[in-house]
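With numbering that gives the first Met the number 0, the residue at position 9 of the sequence shown is 8, and numbering never jumps.
It is possible that part of the hints are untrue.
[Stated by the list, open to error] Simulated DEER-style distance windows between Cβ atoms:
1) Gln43 <-> Pro10: 14 to 22 Å
2) Pro6 <-> Leu44: 18 to 26 Å
3) Gly21 <-> Pro46: 30 to 38 Å
Hints in this document: simulated from the structure, not taken from any laboratory. Using N, Cα and C, we set each Cβ at its ideal position, and we do this for glycine too.
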Amino acid sequence: MTTRAVPFHCPYCGDEDLRPHGATHGTWECRACLRAFSLRFVGQLAPGTTADRIQGQQ
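Turn these sequences into a full structure, and let the hints guide you.
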């Protein structure tokens, strides 16, 4: 796994012109809509797992 994964699209406008923002890991800026945002990898789910099961709601 790489230490820095690159998002392909801005989560706000969908544009592809993204650049790293500042020195903080996981922060990006969109040059099209001029927004800065951060992304964080939480983890992988086991096959067949849903968010409801993780929170104890079945």
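Practice task
Take the C-beta atom of glutamine 43 and the C-beta atom of proline 10, compute their distance, and say whether it sits inside 14 to 22 Å.
Solution key: holds (20 Å)
Practice task
Starting from the range 18 to 26 Å, see whether the pair proline 6 and leucine 44 falls in it by beta-carbon distance.
Solution key: This hint holds: roughly 20 Å between Cβ atoms.
Handout entry: Assessment of proposed distance window 30 to 38 Å (beta carbons of glycine 21, proline 46)
Key = holds (37 Å)
The earlier numbered hints are all upheld by this structure, with none contradicted.
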